[in-house]
Structures are given as structure tokens and as C-alpha cells.
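Q: Starting from the given sequences, assemble the full structure and let the hints guide the process.
Protein chains: 2
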Amino acid sequence: MNSWMKKLLQVLPEKQILTDLADRYSYSFDASFGEYLPEAVVQVKNNHEVAAVLRVANVYKVPVYPRGSGTCLSGGPLPVKGGIVMDMSQWPEKIEMQPEDLIVKVSPSARTSEINKAAEAYGLMYAPDPSSAHVATIGGNLAENSGGPRGLKYGVTKDYVIGLEVVTPEGKIIKTGGQTIKNVTGYDLTKLMVGCEGTLGVITEATLKLISKPPATQTILVSFSEVRTAGKAISKTLTSGILPAKMEFLDQACIRAVENFQPAGLPIEAEAVIIIELDGHPESLKVEKELIKGIMKQIGAVDIIIPKTVEEAAGIWHARKQVSPAIAKIKPTKVSEDATVPRSRIPDMLDRLNEIKRKYNVEVVVFGHAGDGNLHPNILCDKRDQEEMLRVERAVAELFQAAIDLGGTLSGEHGIGTMKAPFMESELGAAGVDMMKRIKNSWDPNHILNTGKIFSEQGQRLVLRHD
Amino acid sequence: MNSWMKKLLQVLPEKQILTDLADRYSYSFDASFGEYLPEAVVQVKNNHEVAAVLRVANVYKVPVYPRGSGTCLSGGPLPVKGGIVMDMSQWPEKIEMQPEDLIVKVSPSARTSEINKAAEAYGLMYAPDPSSAHVATIGGNLAENSGGPRGLKYGVTKDYVIGLEVVTPEGKIIKTGGQTIKNVTGYDLTKLMVGCEGTLGVITEATLKLISKPPATQTILVSFSEVRTAGKAISKTLTSGILPAKMEFLDQACIRAVENFQPAGLPIEAEAVIIIELDGHPESLKVEKELIKGIMKQIGAVDIIIPKTVEEAAGIWHARKQVSPAIAKIKPTKVSEDATVPRSRIPDMLDRLNEIKRKYNVEVVVFGHAGDGNLHPNILCDKRDQEEMLRVERAVAELFQAAIDLGGTLSGEHGIGTMKAPFMESELGAAGVDMMKRIKNSWDPNHILNTGKIFSEQGQRLVLRHD
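Heads up: the sequence lines are chains G and H, in that order. Note that this note's numbering has the first sequence beginning at 1, numbered continuously upward. Note that this note's numbering has the second sequence beginning at 1, numbered continuously upward.
By construction, these hints were calculated from the structure, which means they are not laboratory data.
Since copy identity is lost for identical chains, a pair holds within one copy or between any two.
Dumping the calculated EDC-like pairs for lysine to aspartate or glutamate here, alpha-carbon to alpha-carbon at most 16 Å: (1) Lys359 - Glu387; (2) Lys236 - Asp348; (3) Lys209 - Asp159; (4) Lys209 - Glu96; (5) Lys175 - Glu425; (6) Lys172 - Asp434; (7) Lys236 - Glu100; (8) Lys383 - Glu363; (9) Lys232 - Glu100; (10) Lys175 - Asp434.
A: So, in C-alpha cells, the structure goes:
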């Protein structure tokens, strides 16, 4: 047993340290690409245990990889340099409502959907709704600043975090922010932590903002015979003064994949559909529904479906949630991207994706939160096929460049992780990346926390092929 | 002429460097407390000039104090260590609307109210509305993360910034964020910059998010015979499922000060009033107005006034804007605070303020954005009276402690600046402040940018008395 492992045994109960190969293997992957075996897994259950592990790791310069439920799409929890995976999912769940202050205090292990459920009991809502909300922990959502369909109207995880307890890479417990909505006391470490992909500290408690649950919702499904028309319909709606809660795009490949996987009555002849959810006062919804019908007809929609019952509407949204598992059935490997463009450039981005698909002869399906410019092009491939994977690598690189060319960003909501790290400088410039590295270096001088993420190593390139 | 001044002449046109005593004096104060004479004032007009000045200052280790219109209430632009004031107000105004993307690009010199006016031409709104919006520049708002009445429903400046151009303390031009609402590419330097009080970089351009302008508004003025009842009415309203756009509190001293200064028909017999603005769909407003009337009657309001015309409503909001100038007439010196508590603790905070007033025999008037727990207790005094100022110092320190005791924060929207710096550790702990200092040290190793703000020097205490 190596010396840092011996030290771990002094600070944690033995049963919370896993070293068997089978255990370690189950922590070697997430919902993204690649497998990396850690040397040990620690299952932490309170802030003092986190601090103790980090202090040991910092002294022995062992990398530590915090992990929630492992649903990450950008490799956030992958132990790319070995070392320790810090499993936060066994932490006793805490969801402490303070409805009179419109806030809730949660443990990192609380599942996102459970937080929303607790809020709903008081007529409130925790707005961020990543598709993985039923499985993912809030800790992972915080680390990655998760988005979701409702981001269009309500923003992302970061917009709902007002205070954190954080353990620094050197093992000190600090508080950031607080319990008030307005707070300008010192630097905003809260919003720096949220979305830092676990590279600056381990979040051990969060205070989240809640809002009133809207009194009513209205779903609308619109189908199109041309992808570009669907893109224009999105822009047109959003500049009409209406802000839907959700505005999701599915191309024909996604529609057909869902219908093959779990039939939901989506129009399989359509080249694309947009699924809209309006929310608010019932009287406003009546007005907005008619306005949207007008816009869609004018722009040339093929069909506009207004579900007649709550169940029918729920069925449409269930179909949307099935896209990811459904397309995963098409080919063995799925490379999910989330490059994001200003909303007016969605039609152009759809054109660019089409070009890339033809140029590299790769299978690209597109869906996503088109209302905020956040598309999810997914490349379906087979990682055992070296020649195909080389084409996929090139297609992904060009896809990133297309987003940047159109005034967009590499990642809208999944995070940089490992795959996008080599492209950071092309978006931010060397000086921009340097200012980020200065923060990392000053907080984590031994580079133990989630090392190998966000910042690429000298000469690092995107590689999706096996050795 | 000293050597750094000679270098400045090489990088800036001579007429943009002011060294006359009269000029320097007019940059020696802001809307807060204290006067400090700079050695020079530079009027910068583009990002390259900012970079050139910072490079000179960094080499010669001369402090630089960026300044907009000087409306700051926490001393943000005060040149507390002499050196250079960097006046951003002469920069050519740029307000570049991109309505189809719901964004606007602005120069730091753009006045906040002008940005909103440009948005309104497209049926859009720039939501943050600090009371100084007609005078203040967006650059100052960004540096301080300004709030305002609409913060209750719409959030603060930070919530509307998606991208920045920043000059680092060493004179490098970087971009942070971008043009998309969703963006998780690397650390969130945008939200770190907003509210850093100009200590980490100089903002030279900002991309701001716009939202649809709500179709209708409804003002309601409610008067109370007890301050505490008004506090309870706020909590009761906010937990009823209604989220007003604004919810402002004025105590009797403020009401009377306004009526003496510029009569507006406020009820001078009331112990406190709450002014509410609802916004949204006209049908929702009808429903919400009745709900609020019910809540106010039930809780024991003395009177509920619903203005009959748009002009009457505007008159009430104009009266609210007159509070600051009106109370400034009562005594020569005004110490404005903005300690903020969780909304449910507003009645307790009002009690604590009353105790402090009696204990130190100081004149305290209270108004503010009570809906989000952000009160503005103002201590009215005379800075020439050394004995009174000693009592004011003690009252201010106790006021900060009260906010922290109640789970709140030192500053909700004005910033830490110089006066609150000594109290940072009592809210954040030494380790929390240390993590902030690490960022400052790594970005600004020579401590040239707005030095003397946020972080207190060894043994620094609040002193409001003259030598």
C-alpha cells in the first residue's frame, strides 16, 4: 500500500475507501467518451471528510476527481490522471426548504429533480431542468453549471445559486455568497465556483434561489418540411415579444430514432419539429398561443399540433427526453456536442452542420435547446472503426470552428472537460486562458483538483481513436 | 515632472492628461464619504489608451482608479492612494443594438438609462435600474454590480452581462464570455469582473442581455401605522406567489423629507409606506392587484392607494427617486448603507435599526428595496462634529453586525469600497478573504488597480472623523 493510501486510512473509515478493481472500474467512465482507472475511490459523507482527503492529496500531490452520479457529457468526473475519485453520491441527502425566504439549502448529493419536488410542495420551483435531473446530483449540476430546456426563459444553474460551502484544494472550508439575493460583498466566488468543473474546489453545500411556479403551461408542437425554416421560426418567435419557457428542436433523424425506440406519435415525415412550452397566467397563454400559431403559419410550418390534454402534452415532452437514449441505439458510439451560437445564427449553424456532415461523411443528428442557440449535434459512429473516428475528429474540430465563426462558443452547457480543452485558445485567446490559469494556480498550486480538465497540455489535440 | 508622468505623455495626447489642481480636485470625491487628491487624471477614449496607461502604471507601480460619473456610494472611484484617476466618461458613447439576438453592445461610457431607451425602441428592456441610471455610466454599474428597485423581479447588473472586453492590470486586452446566453467555456471571468469594484481589470466593452418589455404595469401605494407591520406585509406578499417588479419601503422620516423637499402627496402621518409595481399581462395584473389588496387589508394596512392615471403612478415613483436628495437636506452629512438580510428577516432588521438609533442617539432614516431584503439605512449627521461622528462609527459597525447576525450581508448593491473593508472577515472568515486575495495577487501583482478597496490593511478600522 502506498503512503498516501495509508494516510487516507487514518482520516476516513476503511469501508469508505474502495480499491478493488471492480469498484474502481465502475468509476472509470461517465456519459461521455473515454475510460480511465482511478487508484482509489473515496465515498465522502461530510465536509470534514472532504477537507481531510484533500489535505492528504495536496501533501502527496495525488489528483482528486469529484463525482456525482456520473451523467456528465464532457468527462468532468473522469480520473484522467489516475489518483482518487471522490464519490459524493453517498453523502446523506439534505433538502432544507426556507420557503419564506424563497431559498433551499441542499447537500451536494441531492438529486436535482428532488429539489424541484420539494419546492413544488410550496408552490415554488427550482427552475434549472437538465435532462438528467432525475439521476444527476445538484453537486454535478453546480460543477458544470448545467442548463436544460427551461434555460431559455429561466436561465441556468448559476442563476439560481446564491451561496456555497466549498472545500479549497488545500483542504480549507470556506463560505461564498450567502442567503440574500443581492450580495456584493467581495469577489463573486459563488459564480466562479459554479461551472469551474470541479477544478477550484469541492462544493459541500449550496443555497439555491426558488421562484414561484407558473400557474399554467401550454405545449405546442410544430412541424416543418425544411430544417432552415424551423431555424427561422425560432428567431421570429423570440423577436415577437414572446419568451417561451422551452423551445426545443429535433431533426428528422431524432424524430425517427424516438419513434423507433418508443413510439410517441411524432410526425416522422417532418424534416424538423419545434416543441414549445409557454408558461404563465392562463389568460396570457391564450393570447401567446394564437400569436405563435400566426407566426408559424406565416413562416410556412407544415403542421401545428396543440395537445388537448395534460397527458398528451406530457407525452410530447417525454418523447423529447427519449432523444438521447434513442439515438444511442443507432450506432455504438455517440459524440455529443453543445456548441452554441447567438440565436439569430441558428439557421446558419444548421447549414454549417449539414456541410460538415457531407464533407466528412459522418452521421450527424441534431436536437437541442434551439431557443437559446444551444444545439446538440451528435455524431453517431463506432469507436472501433479507426478510419471513421479520424473523420469524426475532423468533423468535431470543424463544428467547434463553425460555432466560433458564427460568434458562438465551444460549450453552451456541457462543459469543456477534456475533449474541448485543445480548442479553448481559439475562442478566448492565449491571454484570456492565461488569466484563468492564474486563478487555478493560485488556488490549487499542486494541481490536484480535477487536473487534466479545461486547460490543455502543450500540444494536446482532440483524439477519439484508440491506441 | 516625475518619470511616469513623462511616460504617460508618450502614450496619450497631452490634452487627455489633467494635472491642474482644480481638475484634480473635481476627481477627488464621489457620492460617498471622503476626499482624496489624485496626482493626475487621464481621460481615456479607447481600449488601446487604457492598455497603454495601465502598462505605464504597472511598470512604475502607480495606483490607477477607474471612474465613470462618480455616483458611487461606496467610494469605488476614490483615489485613496493618490496616483491616476482614469476617467472613462469622455469615451465616445456606443450603444449597438442586436435586437434579433436580444443583446446590445455598449461602451463603458454609455449611460444606463440611454441603454434602456435604445432597447425600448424595439419593445425590449434593459432591466437593471439603479436610482442613478440617468447619470451613472454602465461602466460604473458593471464595476459595482449595481442593483435597483427592479432587482426584486429581474435581478441585478450581473444577471444581464454575457460578455466583456477587459484590459488586465498588466495592460493586456482580453475577451470574457461572448454573445450567447448559455456559455460554459472555461471559468466565468465575466461574473468575476462584474462587481470586482474595478480591482481586477478595466471594462472597455460589454455585451448585455435584453428582455421583452412587459406589456403593462400597476403601481400600488400602501401605508402603515407601524414599521414592523410594513415589514410583515412584504414577507406575506412575496410568499403568496406574486413577484412584483418593485417593492420599495420608506419610513416616516423619508416620507416627510420628500414632502418637505418636493411635495408629492405621500401620506405624512404614516409610519411607513410600501410602493409596489406589478408588471406583466394586463389580465394577470388585475388578479394580482386584488390579491395584494386582500393581503394588505388582512395584515392591517391603514390605506391602499391605486393611482388612477399613468401620470399619478409616475408621480409616486418620482417621489421615491427624490428620497436621496431630500434626506441630504436634513443634515450636512449622509452615511448611506445597504446591508441586506434574507427577506423574512426584514421585520427583525427594522427592529435592530431602531435599537441602534436609540443606543447611539443617531438620526437614522430607512428606505430601500425591501422586497429583496436590501434596505438603505442612512445615518444623517455632521462630519464637523467629532463627537457625533464617533457615535456614527459605532452605529455603523453595529448595523453591519446586525445584518450578519440575521444571516445577511454587509453590502447588497453599493459595494465594499473602503468603509466596509474592515468588516469583510467577520462575514467571510479569514480563509474566504484569502481566496479572494489570491485572485487579486495573481491578476495584479503590483497592486496598481483601485488599490485600497475591498481588502483592508492590517489593523484598518472604520473612521469617519477628520484628523
